Amino acid sequence: MKRIAFFLLTTLLLCMSFTLHKFYMSLTQVNFVKEQKSVQIIVRVFIDDLQEELNATSIKEPIELNTDREPDTIEARFKSYLKEHLSFQINDTQEEFDYIGKEYSDNMAVFYLEIPEIDTIQKLSIQNKLLNFSFSEQENIVKTKIYNKHKSTLFTPEKTYALINF
Amino acid sequence: MKKIHFAIFAFSLLVSFSTIAQKTEAPVVKKGHTNDNKFKQLKDEFATPNSQHTASGAPGAQYTQQQVDYTMDIVLDDANQKLFGQEAIVYHNNSADALEYLWVQLDQNKRAKDSKTPDIKGGGPELLYSPEKFAADFIDKPFDGGFHIEAVKDKSGKDLSYTINRTMMRINLAEPLASGKTFKFNIKWWYNINNHVPQRDRSGYEHFDEDGNNLYVIAQFFPRLCVYNNVEGWQNMQFWGRSEFALEFGNYVVNITTPKDHILNATGVLKNPKKVLTPTQLARYKEAQTTFDKPLLIVTQEEAEKAEKGNSTETKTWTFDAKNVRDFAFASSRKFIWDAMAVDINGKTVMAYSLYPKEGNPLWEQYSTKVVAHTLKEYSKYTFDYPYHKAISVHSKNQGMEYPQICWNYGRPRKDGSYSDKTRDAMIGVITHEVGHNFFPMIVNSDERQWTWMDEGLNSFIETLTELSFDKDFETGNLPKNIVPYMYGDQSNLSPIMTQGDNVHQFGPNAYTKPAAGLYMLRETIMGHELFDYAFRTYSQRWMFKHPTPEDFFRSMEDASAMDLDWFWRGWFYTTDFNDMGVKSVEEYRVTSTPTSEIKALAKSYGIPVAQIRPGIYLSKDSITEGEPKTPMDVVLLKKHIETNYENPSTVNIPKYFYEVTFEKLGGLVLPILVEYTYEDGTKDFKHYPAQIWSKNDDAVKKVIASDKAIVEIHIDPNLETADVDTSNNVWPRKEKSEFDLKKEALQN
Ligand SMILES: [Zn+2]
Numbered sequence: 001m002k003r004i005a006f007f008l009l010t011t012l013l014l015c016m017s018f019t020l021h022k023f024y025m026s027l028t029q030v031n032f033v034k035e036q037k038s039v040q041i042i043v044r045v046f047i048d049d050l051q052e053e054l055n056a057t058s059i060k061e062p063i064e065l066n067t068d069r070e071p072d073t074i075e076a077r078f079k080s081y082l083k084e085h086l087s088f089q090i091n092d093t094q095e096e097f098d099y100i101g102k103e104y105s106d107n108m109a110v111f112y113l114e115i116p117e118i119d120t121i122q123k124l125s126i127q128n129k130l131l132n133f134s135f136s137e138q139e140n141i142v143k144t145k146i147y148n149k150h151k152s153t154l155f156t157p158e159k160t161y162a163l164i165n166f
Numbered sequence: 001m002k003k004i005h006f007a008i009f010a011f012s013l014l015v016s017f018s019t020i021a022q023k024t025e026a027p028v029v030k031k032g033h034t035n036d037n038k039f040k041q042l043k044d045e046f047a048t049p050n051s052q053h054t055a056s057g058a059p060g061a062q063y064t065q066q067q068v069d070y071t072m073d074i075v076l077d078d079a080n081q082k083l084f085g086q087e088a089i090v091y092h093n094n095s096a097d098a099l100e101y102l103w104v105q106l107d108q109n110k111r112a113k114d115s116k117t118p119d120i121k122g123g124g125p126e127l128l129y130s131p132e133k134f135a136a137d138f139i140d141k142p143f144d145g146g147f148h149i150e151a152v153k154d155k156s157g158k159d160l161s162y163t164i165n166r167t168m169m170r171i172n173l174a175e176p177l178a179s180g181k182t183f184k185f186n187i188k189w190w191y192n193i194n195n196h197v198p199q200r201d202r203s204g205y206e207h208f209d210e211d212g213n214n215l216y217v218i219a220q221f222f223p224r225l226c227v228y229n230n231v232e233g234w235q236n237m238q239f240w241g242r243s244e245f246a247l248e249f250g251n252y253v254v255n256i257t258t259p260k261d262h263i264l265n266a267t268g269v270l271k272n273p274k275k276v277l278t279p280t281q282l283a284r285y286k287e288a289q290t291t292f293d294k295p296l297l298i299v300t301q302e303e304a305e306k307a308e309k310g311n312s313t314e315t316k317t318w319t320f321d322a323k324n325v326r327d328f329a330f331a332s333s334r335k336f337i338w339d340a341m342a343v344d345i346n347g348k349t350v351m352a353y354s355l356y357p358k359e360g361n362p363l364w365e366q367y368s369t370k371v372v373a374h375t376l377k378e379y380s381k382y383t384f385d386y387p388y389h390k391a392i393s394v395h396s397k398n399q400g401m402e403y404p405q406i407c408w409n410y411g412r413p414r415k416d417g418s419y420s421d422k423t424r425d426a427m428i429g430v431i432t433h434e435v436g437h438n439f440f441p442m443i444v445n446s447d448e449r450q451w452t453w454m455d456e457g458l459n460s461f462i463e464t465l466t467e468l469s470f471d472k473d474f475e476t477g478n479l480p481k482n483i484v485p486y487m488y489g490d491q492s493n494l495s496p497i498m499t500q501g502d503n504v505h506q507f508g509p510n511a512y513t514k515p516a517a518g519l520y521m522l523r524e525t526i527m528g529h530e531l532f533d534y535a536f537r538t539y540s541q542r543w544m545f546k547h548p549t550p551e552d553f554f555r556s557m558e559d560a561s562a563m564d565l566d567w568f569w570r571g572w573f574y575t576t577d578f579n580d581m582g583v584k585s586v587e588e589y590r591v592t593s594t595p596t597s598e599i600k601a602l603a604k605s606y607g608i609p610v611a612q613i614r615p616g617i618y619l620s621k622d623s624i625t626e627g628e629p630k631t632p633m634d635v636v637l638l639k640k641h642i643e644t645n646y647e648n649p650s651t652v653n654i655p656k657y658f659y660e661v662t663f664e665k666l667g668g669l670v671l672p673i674l675v676e677y678t679y680e681d682g683t684k685d686f687k688h689y690p691a692q693i694w695s696k697n698d699d700a701v702k703k704v705i706a707s708d709k710a711i712v713e714i715h716i717d718p719n720l721e722t723a724d725v726d727t728s729n730n731v732w733p734r735k736e737k738s739e740f741d742l743k744k745e746a747l748q749n
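Line by line, the protein sequences are chains A and B. Residue numbers for the first sequence follow the numbering used here, so the first one is 1 and each next one is one higher. Residue numbers for the second sequence follow the numbering used here, so the first one is 1 and each next one is one higher.
Just so you know, the hints here were simulated from the structure itself, not pulled from any lab data. Given the structure is predicted, the values throughout are model-derived calculations rather than measurements. Beta carbons are placed, not taken as given, at the ideal position from N, Cα and C, and that holds for glycine. Keep in mind that a hint or two might mislead.
Claimed, not checked - List time: in silico SDA-like cross-link candidates among lysine to any residue, alpha-carbon distance up to 20 Å:
| id | chain 1 | residue 1 | chain 2 | residue 2 |
| --- | --- | --- | --- | --- |
| 1 | A | 129 | B | 493 |
| 2 | B | 286 | B | 370 |
| 3 | A | 149 | B | 667 |
| 4 | A | 149 | B | 488 |
Unchecked claim - Computed beta-carbon distance windows for the label pairs:
| id | chain 1 | residue 1 | chain 2 | residue 2 | range |
| --- | --- | --- | --- | --- | --- |
| 5 | B | 82 | A | 72 | 38 to 46 Å |
| 6 | A | 34 | B | 713 | 24 to 32 Å |
| 7 | A | 70 | B | 47 | 48 to 56 Å |
| 8 | A | 160 | B | 129 | 18 to 26 Å |
| 9 | A | 160 | B | 544 | 23 to 31 Å |
| 10 | A | 160 | B | 623 | 37 to 45 Å |
| 11 | B | 129 | A | 69 | 40 to 48 Å |
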């Protein structure tokens, strides 16, 4: 498998006989809750992949996630990383999401994001570049549930943009 | 199903009916179809059983297996990182066939300059190159790896004709080797040992700049005979680097010459401890054989640190004798600390050993040997008593790789000696896994070149049980809930488990996690411990020191449990289908004697007046009309039945609440429906509807639930046992607050 060279020493190649998870994917659920005028977003990524990505995209001292050495400022790092790599345009307007928080669960970091004050959605375009810097096999799946219409969209480093019409 | 039933039932209740109006319709030509039922038997997929691999999944009367014995003299040239070997091979043709040639595996040739492994790797430029990677890709000459075969001779010293096809070498026999005969020959070889760190190779050395030493983990280091078996003939698929090994069992006598200040361990019984250990080390070595409570140091950190400052030009030779093993590997370095603990496996003493440099401490002295001991005990419970005399865990950077009685494992603390829980747990996980490989495939010797999942999946499964018994909260990553993101992934990037290893998308979840999670589900949810464990043990013991196929596993699990599991194998192992069930709807009914609108409509369609419908008991959701019974006992017909047929009518428990629950299945897998019913008083019932509930309807099924308490919640798979990819439709009534709303509240507080 191809992974970016600089981090070759710390990444897993597929000649190993043991795996922690060895698949590179994130899962994002986007629900439009009309009564609350709210677009609710839940993003799930593997913690160790995210750690590698944060270290890969920064020249600062490498950090550790979910250990006793996790920096206190990590929430701000998460927020700015997510803002840079995941964005939403609703009805042709770029909409900023609120970073509500995260939790760690079963090797995954789960982020809760929300775009408030949305009345209707005719058009949703999504840019998803999560973990693409470190993992060329990264598969980012976005499941949308908008007006009871379910849709699943696959993003890869080669395809980071998608438009969904309603 | 329900409809037909209803109609027949209704018919029998009708007092009389006029002639059924015969409608004449033009004949409609309907297309037929073949059997696409999810419960269709796997006869098309399975190999036909025979007297070698039987229909019960056991080795048959005519099952055969070759044996290959090796006597080897090996020299480790530490100064130049070269390995030299001379091997004498005795090949026993136990098959019924005459063999015109023998195939030998040259795994090191994967690293040869002309290796085709890099050539099949597609892809554009990297996003970013380090200078090392840039030089490696575009400037440097490829590593000069691969075997240099110096001589291939028969037992009388005459050159043998041979042909090398990349990682495979054919020994051209002058005359076919008859069934039951042996063939003796010798190979002399050497190769440049690779640094295993940059490419994460399975074997090689790691160089420590600080003290100038190398730590060698040496495997696939000698030309090894291919398997010749009853299902593949010669297993001589090329070694591309991923799909691992298929090997015959045999006996080994191996002499390994190293610098005098190295500590070494290997597959097999160390025959000359007096010669290679100091008297103090020898005394500790012996004492350890009876120390069961804690690891005892044979080589201390102090001694190792002293040794790593030296650089002896003298040598010593270690001799090992290994019986009935499928391979041989060793680890050697000046840097090794060595600890040992005796383990009692049902009355037999087995040694648990660890070799690690000071860089592994304090993690390794605390955990490694204890984890080896725990793993041997737990695996022995689920399979058979560990038959070898030892198991060694060797510290090796970034590695997790298994060989008979010895394996390489990662887990290195930070430079200051501290480590995170994550590093510790990953190390416990990898040691459990690699030591566990002693059972699969070192003993239950499936063909890894063909089927990665047969050893990785089965091993990851027992690894999971072993980790959970080490620490019940251990994050194994192999539970059904952990495989959900993979199974919900894009179909173009998934392969069925039953795919040859080199062709598999997403190797890790495909060959490790998914089979492990599936077997966990089978044991915990579908079969139960008793049936599963007996069948799994049967499979393991039937195929100890033999070469099983996937069918042998599938058939044994069914044969020993009386459970038809073809539907499970078909869905979980032969397809990429996922599981998604939901509660589609819930309707409440009451008991009445007033004919329901459904039965009235049915009667009407046959021209029967309502008055002629025979009195009956109905579950109705029509709006209640004047004079209808209020409770079941107000239904005269029912009351009469109870009073006539029950000894103590007043104590008969008649349910008051009736529900029709529709379960829907949006995924392609068939699995049991696990349902938790919560009643108004807070009590719960757990119901397991076997997977066969889907045998005639693949989309939705209905159940009528009768209860004397009102149901307030219906929850499918509340404990996440079935890898349901979307749990938002699993609960009725649908939660008012979504997962998101609840988390938002919690996170903001
Ligand atoms: Zn493995």
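Structure-based check of each hint:
| no. | hint | in the structure |
| --- | --- | --- |
| 1 | A:129 / B:493 | holds, 18 Å |
| 2 | B:286 / B:370 | holds, 19 Å |
| 3 | A:149 / B:667 | holds, 18 Å |
| 4 | A:149 / B:488 | holds, 18 Å |
| 5 | B:82 / A:72: 38 to 46 Å | violated, 51 Å |
| 6 | A:34 / B:713: 24 to 32 Å | holds, 25 Å |
| 7 | A:70 / B:47: 48 to 56 Å | holds, 52 Å |
| 8 | A:160 / B:129: 18 to 26 Å | holds, 22 Å |
| 9 | A:160 / B:544: 23 to 31 Å | violated, 51 Å |
| 10 | A:160 / B:623: 37 to 45 Å | violated, 56 Å |
| 11 | B:129 / A:69: 40 to 48 Å | violated, 29 Å |
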